[in-house]
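Enquirer: Read off the chains here:
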Amino acid sequence: DQQVKQNSPSLSVQEGRISILNCDYTNSMFDYFLWYKKYPAEGPTFLISISSIKDKNEDGRFTVFLNKSAKHLSLHIVPSQPGDSAVYFCAASALTNNAGNMLTFGGGTRLMVKP
Amino acid sequence: DVKVTQSSRYLVKRTGEKVFLECVQDMDHENMFWYRQDPGLGLRLIYFSYDVKMKEKGDIPEGYSVSREKKERFSLILESASTNQTSMYLCASSSSREQYFGPGTRLTVT
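From first to last, the protein sequence lines stand for chains F and B. Residue numbering for the first sequence follows our numbering, starting at 1 and increasing by one per position. Residue numbering for the second sequence follows our numbering, starting at 1001 and increasing by one per position.
Just so you know, the hints here were simulated from the structure itself, not pulled from any lab data. It cannot be assumed that every hint is accurate.
[To be verified] Using 27 angstroms as the maximum straight-line C-alpha spacing, the simulated DSS-like pairs for lysine-lysine come out as follows:
hint : chain 1 : residue 1 : chain 2 : residue 2
1    : B       : Lys-1018  : F       : Lys-5
2    : B       : Lys-1057  : B       : Lys-1018
3    : F       : Lys-37    : B       : Lys-1018
4    : B       : Lys-1003  : F       : Lys-37
[Claimed, not checked] Restraint-style ranges between C-beta atoms, simulated for each label pair:
hint : chain 1 : residue 1 : chain 2 : residue 2 : range
5    : F       : Asn-57    : B       : Lys-1070  : 34 to 40 angstroms
6    : F       : Asn-98    : B       : Ile-1077  : 37 to 43 angstroms
7    : F       : Gly-100   : B       : Gly-1040  : 24 to 30 angstroms
8    : B       : Ser-1080  : F       : Ser-74    : 42 to 48 angstroms
9    : B       : Pro-1039  : F       : Glu-58    : 41 to 47 angstroms
10   : F       : Gly-16    : B       : Arg-1073  : 42 to 48 angstroms
11   : B       : Ser-1095  : F       : Gly-60    : 20 to 26 angstroms
12   : B       : Asp-1051  : F       : Arg-17    : 29 to 35 angstroms
13   : B       : Leu-1041  : F       : Ser-74    : 18 to 24 angstroms
14   : F       : Ile-18    : B       : Leu-1041  : 43 to 49 angstroms
15   : F       : Gly-60    : B       : Pro-1061  : 35 to 41 angstroms
16   : B       : Thr-1015  : F       : Gln-14    : 45 to 51 angstroms
17   : F       : Gln-14    : B       : Ser-1008  : 27 to 33 angstroms
18   : B       : Lys-1070  : F       : Pro-79    : 21 to 27 angstroms
Glycine included, each C-beta is placed from N, C-alpha and C at the ideal position.
Generate the whole structure from the sequences, applying the supplied hints.
Expert: Now the structure itself:
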């Protein structure tokens, strides 16, 4: 039973446009959410996070939105650049699970930004 | 800058071999993790450790064991490698919710 789901395995976007990556979760105990970016043959790198007490967090071109009632979060990249082409993983954690140190990951979405 | 290093980037082993994957972090983090990444399945937790000599099973511990004798080092052991253990193995460390990952080891078992 996947507690964190990324229903789109891939997404293709034109350079300069907005990329929207989506993530759904089922566990209502999750209180912290993260996005990681992964290039081929490299480990994931942390991108941005959001606590459940917020509904939006912004860092430069990256914004994460959280809709707790829908158990849904999304990552917006504006404007998209070819260097953003990578696999993006959504992850969630709950304070009740080893003090929040455990992450549950989604299956990933491959983003391709076309020049 | 946090640095997590893994002993090998690519490894090819034969079925039945004992395989050691090593991970070292330089940030004095209490927590260390081993994941495997397979297409469409995301990252699945094999084992994690929250202190020296302490370990807990993750979601898919079968066929694996771990060792943490020093705070900075966390080893993953495949006692008898099988072809279904062909995967990308990722090590991570953390002192809070954000985990820092190593570059990964692509293991192929033939």
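Enquirer: Now look at each hint and say whether the structure bears it out.
Expert: Do the hints match the structure? See the list:
1. Proposed proximity of Lys-1018/B and Lys-5/F is contradicted: the alpha carbons are some 34 angstroms apart, above 27 angstroms.
2. Of the pairs offered as hints, the one joining Lys-1057/B and Lys-1018/B holds, with about 20 angstroms between alpha carbons and a cut-off of 27 angstroms not exceeded.
3. Distance check on the hinted pair: Lys-37/F and Lys-1018/B sit about 32 angstroms apart at the alpha-carbon level, beyond 27 angstroms; violated.
4. This hinted pair checks out: Lys-1003/B and Lys-37/F have alpha carbons roughly 17 angstroms apart, not beyond 27 angstroms.
5. Separated by about 36 angstroms at the C-beta atoms, Asn-57/F and Lys-1070/B satisfy the suggested range of 34 to 40 angstroms.
6. Evaluation of the 37 to 43 angstroms hint for Asn-98/F and Ile-1077/B yields a failure: the beta carbon distance comes to about 22 angstroms.
7. A hinted range of 24 to 30 angstroms holds for the C-beta pair Gly-100/F and Gly-1040/B, which are about 26 angstroms apart.
8. Between Ser-1080/B and Ser-74/F the Cβ separation comes to about 43 angstroms, which falls inside the hinted range of 42 to 48 angstroms.
9. Taken as a hint, the range 41 to 47 angstroms is violated for the pair Pro-1039/B and Glu-58/F, whose Cβ atoms sit roughly 31 angstroms apart.
10. Separation of Gly-16/F from Arg-1073/B is about 45 angstroms and conforms to the stated range, judged on CB atoms against 42 to 48 angstroms.
11. Here the CB-CB span from Ser-1095/B to Gly-60/F is close to 25 angstroms, well matched to the stated 20 to 26 angstroms.
12. Checked against the hint of 29 to 35 angstroms, the C-beta distance between Asp-1051/B and Arg-17/F comes to roughly 47 angstroms, which is inconsistent with it.
13. For Leu-1041/B and Ser-74/F, the hinted distance range of 18 to 24 angstroms is satisfied, since their beta carbons lie about 22 angstroms from each other.
14. Distance hint for Ile-18/F and Leu-1041/B: a CB-CB separation of about 28 angstroms, inconsistent with the stated range 43 to 49 angstroms.
15. Roughly 38 angstroms separates the CB atoms of Gly-60/F and Pro-1061/B, a value that falls within the hinted 35 to 41 angstroms.
16. Judged by the Cβ atoms, the range 45 to 51 angstroms given for Thr-1015/B and Gln-14/F holds: they are separated by roughly 46 angstroms.
17. Distance hint check for Gln-14/F and Ser-1008/B: the Cβ-Cβ separation is about 39 angstroms, which falls outside the suggested range of 27 to 33 angstroms.
18. One distance hint, 21 to 27 angstroms for the beta-carbon pair Lys-1070/B and Pro-79/F, is violated here, with the actual separation near 45 angstroms.
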